[in-house]
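A.B. asks: Residue numbers (my numbering), protein chains in the order written: chain A, 1 to 276; chain L, 1 to 450; chain R, 1 to 300.
The set of hints was computed from the structure by calculation and includes no laboratory data.
Everything numeric in this text was worked out from a predicted model, so none of it was measured.
Check before you lean on any hint, since a few could be wrong.
Said to hold, decoys possible - Among the chain A residues that face chain R by a calculated CB cut under 8 Å, a handful are:
#1 92
#2 107
#3 108
#4 116
#5 126
#6 129
Ideal Cβ placement from N, Cα and C applies to all residues, glycine included.
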Amino acid sequence: MSLLGRLTGTVARHALMLSIAIAAIYPVYYMLVTSLKTKSAWTADQFGLPFNPTLDNYGAVFADGRIPVWFLNSVLVTGLSVILATVVATFAAYAIARIPFTGATFLLRLMIALMVIPPAVLILPLFLGFQPLGLVNTYQGVILIYAGMIVPISVYMLVSFFRTLPAEIFDAARIDGASTLRILVSIVIPLSAPGFVTLIVVNALWVWNELLIALVFLQDDNQRTLMAGLTQFKGHYSVNEPLVMAGTFISALPMLLLFLAGQRFFVRGLVAGAVK
Amino acid sequence: MHTSIQRLGGLLAAGLIVAACGGSAASPAPGQGGSGAAAGPVDLTFWYWAESDAPGADKWMADTVTAYHALHPNVTIKVDPQSTDTLQSAFQTAAASNSGPDIASQWATGPVLSFVWTGAVSAISDLVPADEMKHWLNTNENTYQGKVWAAPMYLLGIGLAYNKDLFAKAGVTPPTGDRWTWDEFLAACAKLKAAGITPFVGGDKNGYLGAWWFANVGGQQLDSAQDLVQAVVGNKSFTDPKYTGWYSELEKLVKNGYVNNDVMSLDLDQGVRLFQQGKGAMAFTSDGMLATAVSQLGGDKVGVMQPPKWGSGKLADAGNATQSISFFVTKWSAHQKEAADFLQYLHTPDRLKAWYAATGVVAADDRFDSSLITVPQLQQMAKFETTGPQVWLENWIPPQLDGDGDIPAGQTIFSGSGSAADAGALWERVANTWRSAHPDEVANWQNLLK
Amino acid sequence: MTAIPRSIRSRRRFDATPYLFIAPAVALIALVYGYPIIRIVIDSFLAPTASGGKTVSTANYSNVVADPVFWKSAGNNLFLLIGVPIMTALALLVAAVLFEQIRGWRVYRTLVFTPYILAVPVIGATFVYLYGFNGIVNTLLRDTGLGGLAQDWLGSPSLVVPSILSVIVYREFGFGVMLFLARMATVNVELYEAAMLDGAGWWARFRYITIPQLHSVIGFFVVIELITMLSWVFAYVYSMTGGGPGFASSVLEIYIWKNAFAYRAVGIASAVAVLLLVATSVFVIIQLLVRKGDAETGEE
Chain A
1 MSLLGRLTGT VARHALMLSI AIAAIYPVYY MLVTSLKTKS AWTADQFGLP
51 FNPTLDNYGA VFADGRIPVW FLNSVLVTGL SVILATVVAT FAAYAIARIP
101 FTGATFLLRL MIALMVIPPA VLILPLFLGF QPLGLVNTYQ GVILIYAGMI
151 VPISVYMLVS FFRTLPAEIF DAARIDGAST LRILVSIVIP LSAPGFVTLI
201 VVNALWVWNE LLIALVFLQD DNQRTLMAGL TQFKGHYSVN EPLVMAGTFI
251 SALPMLLLFL AGQRFFVRGL VAGAVK
Chain L
1 MHTSIQRLGG LLAAGLIVAA CGGSAASPAP GQGGSGAAAG PVDLTFWYWA
51 ESDAPGADKW MADTVTAYHA LHPNVTIKVD PQSTDTLQSA FQTAAASNSG
101 PDIASQWATG PVLSFVWTGA VSAISDLVPA DEMKHWLNTN ENTYQGKVWA
151 APMYLLGIGL AYNKDLFAKA GVTPPTGDRW TWDEFLAACA KLKAAGITPF
201 VGGDKNGYLG AWWFANVGGQ QLDSAQDLVQ AVVGNKSFTD PKYTGWYSEL
251 EKLVKNGYVN NDVMSLDLDQ GVRLFQQGKG AMAFTSDGML ATAVSQLGGD
301 KVGVMQPPKW GSGKLADAGN ATQSISFFVT KWSAHQKEAA DFLQYLHTPD
351 RLKAWYAATG VVAADDRFDS SLITVPQLQQ MAKFETTGPQ VWLENWIPPQ
401 LDGDGDIPAG QTIFSGSGSA ADAGALWERV ANTWRSAHPD EVANWQNLLK
Chain R
1 MTAIPRSIRS RRRFDATPYL FIAPAVALIA LVYGYPIIRI VIDSFLAPTA
51 SGGKTVSTAN YSNVVADPVF WKSAGNNLFL LIGVPIMTAL ALLVAAVLFE
101 QIRGWRVYRT LVFTPYILAV PVIGATFVYL YGFNGIVNTL LRDTGLGGLA
151 QDWLGSPSLV VPSILSVIVY REFGFGVMLF LARMATVNVE LYEAAMLDGA
201 GWWARFRYIT IPQLHSVIGF FVVIELITML SWVFAYVYSM TGGGPGFASS
251 VLEIYIWKNA FAYRAVGIAS AVAVLLLVAT SVFVIIQLLV RKGDAETGEE
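Produce the entire structure from the sequences given, and follow the hints as far as they go.
C.D. replies: Right, dumping it as structure tokens:
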């Protein structure tokens with residue numbers, strides 16, 4: 001290839017990547033810039049940099065007070081449901097991967113099948129079923145639902161991880177007289193630590209971002225998750241775009257920071273299920 | 001609304017309590033007077049909606065709750081502002097689980113009554129003395145089987161606001177009476193357009209501008225709200241021009257470029273803002289929106305008239321004021337008396353005065369001192385809203401017909417994606433869908449014709 | 001010393017351990033999947049009557065089939081499927097470019113992945129402004145003399161679904177880039193070196209080495225995104241248009257949600273849920289077949 005050809009190739013590649021990168025980051029820029037403008041400054045110029053940046057919108061977000069509450073609700077709901085699902089799935093996956101029993105294969109196939117069932121199919125009967133149990137409008141209710149919904153993918157992924165562990169370790173442990181539970185707790189789980197990180201990232205992202213169940217099952221304003229709350233916030237302040245963008249940016253910030261800090265975990269987590 | 005982070009710790013427990021209370025039978029404890037002077041602590045939750053109609057209403061409610069708490073230290077009221085888009089579905093979800101707020105907000109008539117029929121509402125006339133209720137205005141909007149089911153707060157009328165400067169620039173003169181005929185309106189639009197001015201501005205992204213047109217102009221061939229219900233229950237067809245012929249008039253406005261070209265990317269409030277910024281000659285405004293326009297554009301720059309007269313039915317001459325939102329006590333509330341007492345408190349002279357000061361919207365109470373209204377444009381609106389019969393047509397259709405018929409039909413026209421005939425066919429199709437899916441509700445609606 | 005008798009015993013006696021281990025997971029799944037699936041099937045055959053009761057009939061299904069909003073919603077889900085090949089091709093291309101480790105590729109990689117980190121309601125709230133009639137897209141068009149192309153992207157019934165589609169592609173394709181990059185890193189470098197020696201150009205290497213080597217991960221991504229487009233787009237639609245204007249951007253999830261919670265139509269919502277379940281089952285079967293095929297060729 002000629003030098004010139006190589007050069008144009010390089011230029012073309014950078015042009016492609018630059019335009020995609022700018023487009024990818026633009027909404028973050030827009031949120032931030034808009035949130036620093038007054039309403040009239042935004043009306044006058046939607047896109048430029050704020051000449052007289054103001055933090056008033058952030059003041060208003062905190063005066064409204066709901067976004068911090070919603071944020072903590074999301075932490076609570078996400079944390080507990082992921083923990084519950086991980087514990088439950090660990091036992092099931094270990095049984096399926098390492099203890100031969102009738103129905104193991106069927107169970108694994110069932111998990112794969114359940115992974116694709118959309119929440120929309122399940123919400124109404126869950127709602128009608130939870131109603132007499134007093135589980136609607138409670139954190140317990142949504143935590144159960146979220147945990148249940150991520151059990152299939154958790155079992156599936158953990159089975160894959162557990163199966164990659166060398167068989168000799170298990171034989172050695174058994175010869176030493178370790179019980180099944182002991183093998184699980186002191187050998188399998190520590191050895192699969194990267195797998196667990198992966199799984200937790202995938203599940204936490206899913207629960208954190210889930211909207212439909214959150215909208216339906218947590219109606220009380222103080223109980224909402226961040227995502228459901230954000231849609232309310234947007235409707236409530238629809239005539240004040242900079243304020244909406246301030247609320248939106250604040251809502252996006254924790255995940256963005258977490259991503260920048262632990263990019264490796266995110267990426268590894270998200271791709272691990274598919275690439276081995 | 002004030003929420004402190006410290007309270008979070010108790011939230012999980014609070015969730016349990018709400019759940020536990022949800023199932024309990026809701027009969028008021030004996031021995032409690034109407035003054036809400038219960039001995040033990042009372043926690044009331046109020047799902048509140050008004051800010052979109054009446055900017056300032058949230059602040060007023062916060063003050064009102066504080067004032068009430070000072071009078072009744074044992075009563076704590078938690079106000080949850082509701083979002084317009086989910087006002088109905090949120091309460092529907094709550095009602096389905098027999099748990100939720102003690103006091104809720106819904107738009108009058110159709111939305112309120114549909115919850116009355118599912119048994120989610122305690123009649124307010126059973127909880128509030130008649131000599132108090134006789135002062136409330138427009139209670140007929142929520143009357144069913146001899147009972148009043150919800151309390152009004154304010155009257156919302158829609159006027160056609162206009163910008164005097166832009167009118168003058170285009171050589172348009174306002175009507176000598178209270179309103180134009182449709183032809184006069186069209187002629188004014190043509191002049192404004194020729195002068196490079198957007199004649200009518202609004203936003204229909206969320207669909208409410210179309211619903212406002214329906215409520216203001218759509219019923220002008222009808223003689224009564226019952227006429228509309230005839231089509232709802234299937235005795236008449238919505239494809240009859242009497243019901244949906246007006247869409248071809250709206251279509252003309254859009255096709256001729258008399259409406260702002262970004263009408264479909266703005267919500268209702270955002271569309272009105274264009275008028276308030278002087279970027280359009282006319283807009284439909286509520287009292288609150290008009291007040292904002294007056295304060296932004298200047299008192300001598302803004303006028304208001306009634307929507308143009310197009311039809312020849314009796315409703316063409318009726319006003320369009322409605323109590324808009326109605327507050328009601330829920331069936332499952334464990335503190336119905338206290339909740340009703342708080343609703344009464346909203347109608348005390350001091351609160352009515354404060355309401356007006358905060359929102360500039362006329363309170364739905366005959367004790368409201370109309371001399372408080374000092375802005376001439378708002379005096380004009382108050383006159384429209386309290387003179388003669390008042391019907392807000394959108395109240396008289398089931399929510400599904402509103403959501404899947406009324407609103408999409410208006411958007412069809414504003415976005416130019418369909419004709420007036422399409423809009424009419426859409427109404428009828430949705431009404432059919434609703435009727436075949438809800439024979440039980442159809443039976444209830446038929447009761448409204450009796 | 002005890003090892004041999006133990007294993008013999010366990011072969012003879014029934015071992016309850018695995019069943020105890022799977023019990024909690026099975027219970028949760030029965031609650032969250034089992035019960036609802038049985039219940040939607042039952043409810044879908046119960047239609048309300050004028051007297052307020054219920055009767056066993058297929059009226060819900062016939063009402064659904066007669067409802068144009070249902071067909072519009074289902075059609076929109078199908079339309080969204082065309083986003084899958086678009087985002088797959090785009091992600092492959094970007095991954096291939098990044099894989100060459102062009103200057104700054106790590107920064108590019110981070111940026112390209114950013115939209116996927118932003119939650120859907122965040123993206124939705126922002127794009128409502130960006131796609132507004134006076135939003136950045138139209139402003140750019142007008143500033144570059146292409147004002148005639150400026151459209152009401154989310155307000156026009158004919159453009160709203162493609163606009164939403166573009167936002168979905170925008171957010172999801174970064175996930176594809178990540179997947180493909182990770183898999184490319186495991187491709188044997190010698191394959192590329194041999195091809196270069198044979199004089200194979202960029203495109204030939206991409207076409208004859210990269211794509212075949214990545215076929216299973218591409219398959220994974222495609223299946224995931226097909227399912228997304230069919231039944232996981234609620235948050236996108238809800239946060240941008242709520243299904244509007246009218247019901248122009250309604251999808252099956254919105255249709256179910258509205259009927260279930262706004263219109264009290266339990267039977268209708270259940271009938272559509274059953275239909276959606278059947279549709280996703282088709283993908284499950286395809287997925288299982290693909291996995292089986294992979295297993296037979298020695299991959300997993």
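A.B. asks: Going back to the hint list, which numbers does this structure go against?
C.D. replies: The structure conflicts with hint 3 only, although it agrees with all the remaining ones.
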